[in-house]
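Residue numbers (my numbering), protein chains in the order written: chain C, 17 to 112; chain S, 1046 to 1496.
Simulated from the structure, these hints should not be mistaken for laboratory data. For every residue, glycine included, the Cβ atom is placed at its ideal position computed from N, Cα and C. There could be a bad hint or two in this list.
[Said to hold, decoys possible] Now the stretches of chain S that chain C is said to cover, found in silico as 3 or more residues with beta-carbon under 8 Å:
(1) 1089-1100
(2) 1206-1216
(3) 1303-1309
(4) 1351-1359
(5) 1453-1466
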Amino acid sequence: MSYGQPAFDDRMSTVDFDVAERAHITVDSEVCRSCRTTDCVYACPAKLFVPTSDGGILFNYEQCFECGTCYQVCSGNGALSWTYPDGGHGVAFRKG
Amino acid sequence: MAEHAGPGTRSAVITAPPQREVDVVVVGAGPAGSAAALEVARAGHSVVLLERGPYPGAKNVYGGVVYGRVLDELVPRWWEQMPVQRWVTRRSTMIMTPTQALTVDFRTQAWGGPPYNGATAHRSDLDGWLAGLAEKEGAVVVPSTVATGLLRSAEGAVVGVRTDRPDGDLTAKVVIACDGVNSFLAKEAGMFAGKPAGHVTLGVKETLRLPREVVDERFGVTGRDGVDIEILGCTGGIPGGGFLYTNLDSVSVGVVVDPHGLAARKIRPEELVAELKRHPAVEPLVRGGELLEYSAHLIPEGGYDTMPDLVGDGFLVAGDAAAMCLAAGIWLEGVNFAIGAGMYAGRAAVDAIRAKDTSKAGLASYRRMLDESFVLGDHRKLRRVPGLVLGQRVQQDYPALLCDLAQGLFHVDNPRPKPGLFKLMRRVMKWHGIKARDLLSDALTGVRSFG
């Protein structure tokens, strides 16, 4: 590496979020336990899906880009319940 | 009752005759939505433009270049008022392997003056400007509001939207869905029935601050001139590509990839961006840039064959919601298609309202206007290109072939005599295991599409 890449937390700290109280995406970790592909872990650009030691998936909605990648790649039936955050909440890109 | 917007939302049926509170509701204040609202408001009809973000552009991301020609028809002398970072006077296509880069570089000062061609702009500025134009003409822009579902008549016609505001039902003669790549409204309306699903790529971008004079010097431009570089072969074998654009005092760099390919390669998108930034052809251009914003968005890259139906009873679909992004090798465009489609959707809605027929038949002029314009003209012509461009050979084999061919041509190897081009070509094809018949067939697909 010829110069340092920002740590992922620093990367995410460049983005503005108005976090809503309601989790607009929920994950059923029980369903995730049987998942062999875990596409979401690699594809979510905000790195919101973290594998747990017991084979499940930990998910937090607070820093979500609302892109929809996770529900597009998820192969688990009903593992993800996906909606947009309520009006005005969620990500607000300043540059885009 | 739908409380939130997402996949699988169901429409609410209105049994009493709708009150028709407004003539048109447009969902999504991106370029498509604002162009639609602008045309409706200009014609003197009432229009509400809903935006789920706190301001237009808050939820939007793109590579960074907007091609403005379509604006000639919508906003006279738009270049005097559009919030532009730089005017693109130099376009490059860079074909790379991990250690090589072959660049076709074109510049013209013709694009550096009126009526201009392409410009870099931040979406929050651009989308805010377009929504502001609609507002000035009388459109009512309502931010921080999600359209959570459609309202339908007993017969199934769309007669409005439900929102997440208290008493948030909004009835209208026509609903124009410009709700972006995930378009839950178009899905809910059944417009994707029978279409192959999930033709999306993931775009991931970094905006890096660099002093204006550093950008000027590194990219060889001055004043408001700017550069747009499209890159092939920078995604580690995952179908996709990269980009690097100049803003006034920053650059935008990123990749666009098939999201399924990331898991298959066990690599994350920001790692691909980091690799691209480390490439010897890119590193000197971006080094020292301070990260201003990291962003990502899905892109509907499937092209013509993956578009939904565009017209329903009381319902039109435009922009990313209708998969109107053109991802065809040297052409990567979207905002211009969105503006064009939104403009025609607005006009079709006005025509239908005046003729007092907002059924599918009454709104059919939308499809006609799109067919006669570049919006569907370009997409129809280039319908085979997404498959070609995202295929293994164009993604990996040809970049390596072209780089090695260039290296063979430019390499000085005396005292051995120089090899002829065809001998070199045969040798390089053999190295990379490329069959002449595949090359010919791809060339033919290319010629048929681009020719």
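These are the hints, each one checked on the structure:
Restraint check on the region 1089-1100 of chain S versus chain C: 4 residues with Cβ-Cβ distances below 8 Å, three needed, restraint holds. Under a criterion of three residues with beta carbons nearer than 8 Å to beta carbons of chain C, the stated coverage of the region 1206-1216 of chain S is upheld, 3 such residues being counted. Counting residues of the region 1303-1309 of chain S whose beta carbon lies closer than 8 Å to any beta carbon of chain C gives 4, which meets the minimum of three for the stated coverage. For the region 1351-1359 of chain S, the proposed coverage by chain C is not satisfied: 0 residues have a C-beta within less than 8 Å of a C-beta in that chain, short of the threshold of three.
Proximity of the region 1453-1466 of chain S to chain C, defined as three or more residues with a beta carbon under 8 Å from a beta carbon of that chain, is not established by the 0 residues found.
When the structure is compared with the earlier hints, violations turn up for hints 4, 5 and for no others.
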